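Numbering (the working numbering), first residue to last: 1 to 363.
These are calculated hints, taken from the structure and not from any lab test.
Accuracy of the hints is not assured; some may be wrong.
[Unchecked claim] When the alpha-carbon atoms are kept at most 30 angstroms apart in a straight line, the in silico DSBU-like pairs for lysine-lysine are as follows:
1. Lys-260 - Lys-347
2. Lys-346 - Lys-260
3. Lys-260 - Lys-279
4. Lys-347 - Lys-299
5. Lys-279 - Lys-346
6. Lys-299 - Lys-260
7. Lys-299 - Lys-279
8. Lys-342 - Lys-299
9. Lys-346 - Lys-299
Computed from a predicted model, the values in this text were never measured in an experiment.
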Amino acid sequence: MRDDQASPDSEVEERRAADIRACQPAMEAINRGDYAAAQAAFQHLAESGNVTAMFDLGRIHLRQLTEFSDLRQGIHWLEQAANGGAANAYAELGALAESGRITEWGANTAVEFFRLGAEVQDPECMFNLGRCFLTGKGIEQHTANAINWLGRAAHADHAIACYWMGSIYNGGEYIERDASMASNFYERGAILGYSFAQNKLGIMYRDGIGREQNLEQALSLFQLSSEQGNPWGQYLLGCLYALGQFVDQDLGYARGLFEKAAAQDLPEALTELGAMYGKGLGVEEDRAISIEFYERAAKLNDAHANFNLGVIYINADGVDRDLERGVAYLSRGAELGDDESKVALKKLADEHGIGPGANLTLQ
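Generate the whole structure from the sequences, applying the supplied hints.
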């Protein structure tokens, strides 16, 4: 090839770059919130063959961002974009099929769109195709195919696919558990900035599972997740400060983290706050506030909160004794797998003949 001859790949990249430059005024209109102006600009560019404009125009129609949005037009322009080489348009079409907004499309239609995109190496489509194979949604469940596509998406730096692959190896439900492989995939997702992968890798460092125990690394990962507003990351970081693991104990800072997570209805954080107020840890003891936090957590099916409330009502700890309510909370805790609740129920039954439906009178 002579120096003055461009390769096909370079020509495609140059065309894509030119398309993006041409779309810049429309993107600026979107940034201003002027979707009508953006739609008009994209329409003109799309009709002249700009594939990037076709894709963005299709998304404006699908998301009904203007009074002129039309679902069928959205489908048309996304299909045009896909035919023009925008593989990510298949992911949009697949998501639309899964949403149920097109009555004649079903889960199998979504799979076909995801397959088309996956075959031309779109990471989002590879992830979604793997997800469908794993869950059996729209296609027969097939673990090997699921791992193949999820793995390919992960190696294409799809952060959520990295997390799913880590969870597959960590869980042992679909394949033999391999904590080392799990930690490797979680690490890849964590490096890509995915907060849930940061949480999982941090837990593995904290507990020495799949990695040599390293509380400094765990702390760093929980901090990164927390800074992204991830409630589980906030909770995990709060636990380290509450216990004084690797860091100086700071109950006030821990409480602040738990409060951030609790504001997002993380039940474990609500339970921790209940315990802090109930025991006066870093705050003035307040049984009423403690019970409020426990009750919020119990409604979100936190097993330990149900146990704590059961004990509180049976022992009349800051409230009037209510055996029926206490047993109900313990029973729910036991249903959710809390061993302490099971032990407490057995003790009540053995020593006092108390249980669901029994004569609730302590002798």
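Hints and how they fare:
{"no.": "1", "hint": "Lys-260 - Lys-347", "verdict": "violated, 37 angstroms"}
{"no.": "2", "hint": "Lys-346 - Lys-260", "verdict": "violated, 37 angstroms"}
{"no.": "3", "hint": "Lys-260 - Lys-279", "verdict": "holds, 20 angstroms"}
{"no.": "4", "hint": "Lys-347 - Lys-299", "verdict": "holds, 25 angstroms"}
{"no.": "5", "hint": "Lys-279 - Lys-346", "verdict": "holds, 26 angstroms"}
{"no.": "6", "hint": "Lys-299 - Lys-260", "verdict": "holds, 19 angstroms"}
{"no.": "7", "hint": "Lys-299 - Lys-279", "verdict": "holds, 22 angstroms"}
{"no.": "8", "hint": "Lys-342 - Lys-299", "verdict": "holds, 19 angstroms"}
{"no.": "9", "hint": "Lys-346 - Lys-299", "verdict": "holds, 23 angstroms"}
Going down the numbered hints, you'll see the structure goes against 1 and 2, while the others check out.
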